[in-house]
Amino acid sequence: MTDITAESRPRLAPGVRLHFDRARDAWVLLAPERVLETEGPVQAVLSRCDGVRRFADIVAELARDFAADPAVIETDVREMLADLMGKRLVVIA
Amino acid sequence: MSAGDTLAAPQPVAAPVIRAPLGLLAELTHRCPLACPYCSNPLALEDRAGELDTAAWTRVFNEAAELGVLQTHLSGGEPLSRRDILALVAAAHDAGLYTNLITSAIGLDAARVAALRDAGLDHVQISLQDTVAGSADVIAGYDGAHARKLAAAAAVRDAGLALTVNAVIHRANIERLEAMVDMAAALGAGRVEVAHAQYYGWALRNRAALMPTRAQVEVATATLARLRESYDGRLVIDAVVPDYYARYPKPCMGGWASRSLNITPSGRALPCHAAETIPGLEFWNVRDHSVRDIWLHAPSFNAFRGTDWMAEPCRSCARRDVDFGGCRCQALAIAGDATATDPACALSPLHDHLLALAEADAQTAEIRYAYRGRREPAAG
Ligand SMILES: C[S@@+](CC[C@H](N)C(=O)[O-])C[C@H]1O[C@@H](n2cnc3c(N)ncnc32)[C@H](O)[C@@H]1O
Ligand code: SF4
Ligand code: SF4
Numbered sequence: 001m002t003d004i005t006a007e008s009r010p011r012l013a014p015g016v017r018l019h020f021d022r023a024r025d026a027w028v029l030l031a032p033e034r035v036l037e038t039e040g041p042v043q044a045v046l047s048r049c050d051g052v053r054r055f056a057d058i059v060a061e062l063a064r065d066f067a068a069d070p071a072v073i074e075t076d077v078r079e080m081l082a083d084l085m086g087k088r089l090v091v092i093a
Numbered sequence: 001m002s003a004g005d006t007l008a009a010p011q012p013v014a015a016p017v018i019r020a021p022l023g024l025l026a027e028l029t030h031r032c033p034l035a036c037p038y039c040s041n042p043l044a045l046e047d048r049a050g051e052l053d054t055a056a057w058t059r060v061f062n063e064a065a066e067l068g069v070l071q072t073h074l075s076g077g078e079p080l081s082r083r084d085i086l087a088l089v090a091a092a093h094d095a096g097l098y099t100n101l102i103t104s105a106i107g108l109d110a111a112r113v114a115a116l117r118d119a120g121l122d123h124v125q126i127s128l129q130d131t132v133a134g135s136a137d138v139i140a141g142y143d144g145a146h147a148r149k150l151a152a153a154a155a156v157r158d159a160g161l162a163l164t165v166n167a168v169i170h171r172a173n174i175e176r177l178e179a180m181v182d183m184a185a186a187l188g189a190g191r192v193e194v195a196h197a198q199y200y201g202w203a204l205r206n207r208a209a210l211m212p213t214r215a216q217v218e219v220a221t222a223t224l225a226r227l228r229e230s231y232d233g234r235l236v237i238d239a240v241v242p243d244y245y246a247r248y249p250k251p252c253m254g255g256w257a258s259r260s261l262n263i264t265p266s267g268r269a270l271p272c273h274a275a276e277t278i279p280g281l282e283f284w285n286v287r288d289h290s291v292r293d294i295w296l297h298a299p300s301f302n303a304f305r306g307t308d309w310m311a312e313p314c315r316s317c318a319r320r321d322v323d324f325g326g327c328r329c330q331a332l333a334i335a336g337d338a339t340a341t342d343p344a345c346a347l348s349p350l351h352d353h354l355l356a357l358a359e360a361d362a363q364t365a366e367i368r369y370a371y372r373g374r375r376e377p378a379a380g
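Order-wise, the sequence lines are chains A and B. For the first sequence, position 85 (counting from the first letter as 1) is numbered 85 according to full-length UniProt numbering, and the numbering increases by one without interruption. For the second sequence, position 37 (counting from the first letter as 1) is numbered 37 according to full-length UniProt numbering, and the numbering increases by one without interruption.
Watch out, some of these pointers could steer you wrong.
Unchecked claim - List time: in silico SDA-like cross-link candidates among lysine to any residue, alpha-carbon distance up to 20 Å:
(1) A:Lys87 / B:Leu204
(2) A:Lys87 / B:Asp321
(3) A:Lys87 / B:Val240
(4) A:Lys87 / B:Asp232
(5) B:Lys250 / B:Leu204
(6) B:Lys250 / A:Arg34
(7) B:Lys250 / B:Thr277
(8) A:Lys87 / B:Ala185
(9) A:Lys87 / B:Pro349
(10) A:Lys87 / B:Leu224
(11) A:Lys87 / A:Ala13
(12) B:Lys250 / B:Pro313
(13) B:Lys250 / B:Leu347
(14) B:Lys250 / A:Ala13
(15) A:Lys87 / B:Gly160
(16) A:Lys87 / B:Ala225
(17) A:Lys87 / B:Thr277
(18) A:Lys87 / B:Ala56
(19) B:Lys250 / B:Leu332
(20) B:Lys250 / B:Ala222
(21) A:Lys87 / B:Tyr231
(22) B:Lys250 / B:Gly160
(23) A:Lys87 / A:Thr5
(24) B:Lys250 / B:Ala185
(25) B:Lys250 / B:Leu161
(26) A:Lys87 / B:Lys250
(27) B:Lys250 / B:Ser230
(28) A:Lys87 / B:Ala186
(29) A:Lys87 / B:Asp182
(30) A:Lys87 / A:Trp27
Think of the hints as simulated: they come from the structure by calculation, not from any bench.
Build out the structure end to end from the sequences listed, making use of the hints.
In structure tokens:
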């Protein structure tokens with residue numbers, strides 16, 4: 001699997017999109033034959049995976065918005081993205 | 001609580017909450033150029049004259065989305081046999097649904113792929129019959145089908161659309177399971193669905209010609225586990241298990257009327273593909289009822305919802321909320337009683353009988369198919 005670097009630009013994989021589910025009042029990730037609930041932190045990351053923002057930008061934004069230590073955020077986001085990439089929900093360009 | 005406690009007005013027992021469905025399988029038509037002997041469609045295929053029109057499907061998509069459905073699977077029959085397929089994709093997309101086209105890919109060229117994508121299609125699932133063209137075309141009952149599917153898959157990938165390859169596994173192709181998964185990866189699929197044939201519709205009719213041996217199934221299961229590891233992170237491999245040789249049944253439909261519903265070409269709403277084989281169920285039609293009304297109140301949907309309908313051994317079994325007692329249609333087909341425990345379960349008194357049926361079928365030397373929708377059985 002491709003490694004995530006500061007310059008990586010993550011985006012949702014083809015056939016994957018975020019959707020606000022009005023009936024259940026929650027964000028969900030829609031993928032081939034799958035529906036995943038995306039609560040708080042996952043949603044915050046996924047909504048920034050637009051293929052434009054770099055990994056470094058996403059970490060910086062989240063550290064600012066959540067007033068958190070960038071080093072901690074970086075580790076968490078890297079782990080989360082690696083997991084999502086393993087499930088083919090996110091790809092990096 | 002002591003007898004002296006005063007009680008407020010007695011509370012009615014809360015009715016069990018019926019959760020909204022997530023998926024809608026829209027069987028747009030039963031027409032199809034292919035004639036797969038494993039086809040899950042019913043033996044009595046619906047005709048074109050009775051099909052819902054564009055406006056009716058548009059209403060169904062909107063009602064489904066409003067109810068809480070998130071994904072729709074446009075299937076059939078062959079959905080591309082509908083002249084209005086672009087309008088239907090657009091309608092599903094406009095309703096806010098994640099839109100999946102499940103297709104044999106006959107009639108799918110680059111121009112049509114682009115038009116479907118632009119109409120809002122999210123995902124395409126193409127079925128392959130085999131990796132060897134000669135065998136694939138015999139299974140499909142259609143010369144040249146395989147080559148067309150490969151070209152269509154390439155067009156889907158080139159258009160940037162997400163692709164799943166679906167392979168129904170049975171005796172004629174089970175030895176090439178690994179090659180099918182490799183072919184899916186080579187075609188650029190992000191996901192492959194390896195579905196052991198489920199025995200209803202035409203598959204039940206053709207069971208003797210389709211059933212693999214237990215040894216073949218064991219090899220296939222081990223192969224799949226190995227492929228899952230080697231393709232980890234590159235290809236999602238989903239499997240539909242071969243339940244005749246299983247110990248526990250599959251959690252059919254994720255529970256009856258729990259996660260999804262089917263609408264047939266003429267608008268009949270079914271809790272699963274084969275529900276019409278169960279005698280005595282009352283099906284409602286989307287021409288007469290809204291999708292919400294059907295989901296909540298149609299007698300067929302409430303017939304086996306939850307666990308109250310169960311008899312022993314399911315009723316007191318710890319797995320009843322895991323597999324929901326298995327498949328109702330298989331219980332009917334094998335036990336003659338839709339409320340029975342699925343004979344695929346080792347706790348069913350008919351489990352050994354089911355196994356004996358499978359083993360006898362798998363020994364049938366000659367593969368002779370009754371092709372779906374075609375009149376004469378032909379040798380394969
Ligand atoms: C009934 S087909 C209709 C769509 C299209 N004609 C096709 O075959 O791709 C829907 C999907 O179910 C699969 N399928 C058909 N019969 C099946 C069976 N008996 N067991 C498991 N999957 C089956 C097909 O391969 C296809 O992916
Ligand atoms: S499974 Fe085969 S016969 Fe059945 S609808 Fe699909 S392509 Fe047609
Ligand atoms: S007895 Fe019923 S609930 Fe228990 S495992 Fe078997 S089918 Fe499932």
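Evaluation of the provided hints:
For the given pair, A:Lys87 sits about 34 Å from B:Leu204 by alpha-carbon distance, which is inconsistent with the 20 Å threshold. A threshold of 20 Å between alpha carbons decides the hint, and for A:Lys87 with B:Asp321 the separation of about 26 Å lies outside it, so the pair is violated. Between the alpha carbons of A:Lys87 and B:Val240 the distance comes to roughly 19 Å, so the proposed pair stays at or under 20 Å and holds. In summary, the hint linking A:Lys87 to B:Asp232 is supported, as the alpha carbons are separated by about 8 Å, within the 20 Å threshold.
Under the criterion of a C-alpha separation no larger than 20 Å, the hint pairing B:Lys250 with B:Leu204 is consistent with the structure, at around 17 Å. For the hint linking B:Lys250 to A:Arg34, the alpha-carbon distance of about 18 Å falls within 20 Å, and the restraint holds. Of the pairs offered as hints, the one joining B:Lys250 and B:Thr277 holds, with about 19 Å between alpha carbons and a cut-off of 20 Å not exceeded. Using a Cα cut-off of 20 Å, the hinted pair A:Lys87 and B:Ala185 holds, with the two alpha carbons roughly 15 Å apart.
With a C-alpha separation of about 40 Å, the suggested pairing of A:Lys87 with B:Pro349 is violated against the 20 Å cut-off. Of the supplied pair hints, the one linking A:Lys87 and B:Leu224 holds, its CA atoms being roughly 17 Å apart against a limit of 20 Å. As the CA atoms of A:Lys87 and A:Ala13 are separated by approximately 10 Å, the hinted pair is consistent with the 20 Å bound. The straight-line distance between the Cα atoms of B:Lys250 and B:Pro313 is roughly 16 Å, inside the 20 Å bound, and the hint therefore holds.
As the CA atoms of B:Lys250 and B:Leu347 are separated by approximately 14 Å, the hinted pair is consistent with the 20 Å bound. The hinted pair formed by B:Lys250 and A:Ala13 fails the criterion: a straight-line CA distance of about 29 Å is larger than 20 Å. The hinted pair formed by A:Lys87 and B:Gly160 meets the criterion: a straight-line CA distance of about 19 Å does not exceed 20 Å. A C-alpha spacing of about 16 Å is found between A:Lys87 and B:Ala225, which places the hinted pair at or below 20 Å, so the restraint holds.
Under the criterion of a C-alpha separation no larger than 20 Å, the hint pairing A:Lys87 with B:Thr277 is inconsistent with the structure, at around 37 Å. The hinted pair formed by A:Lys87 and B:Ala56 fails the criterion: a straight-line CA distance of about 37 Å is larger than 20 Å. Under the criterion of a C-alpha separation no larger than 20 Å, the hint pairing B:Lys250 with B:Leu332 is consistent with the structure, at around 15 Å. Distance check on the hinted pair: B:Lys250 and B:Ala222 sit about 18 Å apart at the alpha-carbon level, within 20 Å; holds.
Proximity of A:Lys87 to B:Tyr231 is assessed by CA-CA distance (about 11 Å); at most 20 Å being required, the pair is judged to hold. Taken as a hint, the B:Lys250 and B:Gly160 pair is broken in the structure, with Cα atoms around 34 Å apart against an allowance of 20 Å. Simply put, A:Lys87 and A:Thr5 have alpha-carbon atoms about 19 Å apart, close enough for the 20 Å limit, and the pair holds. A threshold of 20 Å between alpha carbons decides the hint, and for B:Lys250 with B:Ala185 the separation of about 27 Å lies outside it, so the pair is violated.
Simply put, B:Lys250 and B:Leu161 have alpha-carbon atoms about 31 Å apart, too far for the 20 Å limit, and the pair is violated. A hinted pair counts as satisfied when its Cα atoms are at most 20 Å apart, and A:Lys87 with B:Lys250 does not qualify at roughly 23 Å. Taking the CA atoms of B:Lys250 and B:Ser230, the gap is near 25 Å; set against the 20 Å cutoff, the hint is violated. Between A:Lys87 and B:Ala186 the alpha-carbon distance is near 18 Å, which keeps this suggested pair within the 20 Å criterion.
The hinted pair formed by A:Lys87 and B:Asp182 meets the criterion: a straight-line CA distance of about 18 Å does not exceed 20 Å. Taking the CA atoms of A:Lys87 and A:Trp27, the gap is near 18 Å; set against the 20 Å cutoff, the hint holds.
When the structure is compared with the earlier hints, violations turn up for hints 1, 2, 9, 14, 17, 18, 22, 24, 25, 26, 27 and for no others.
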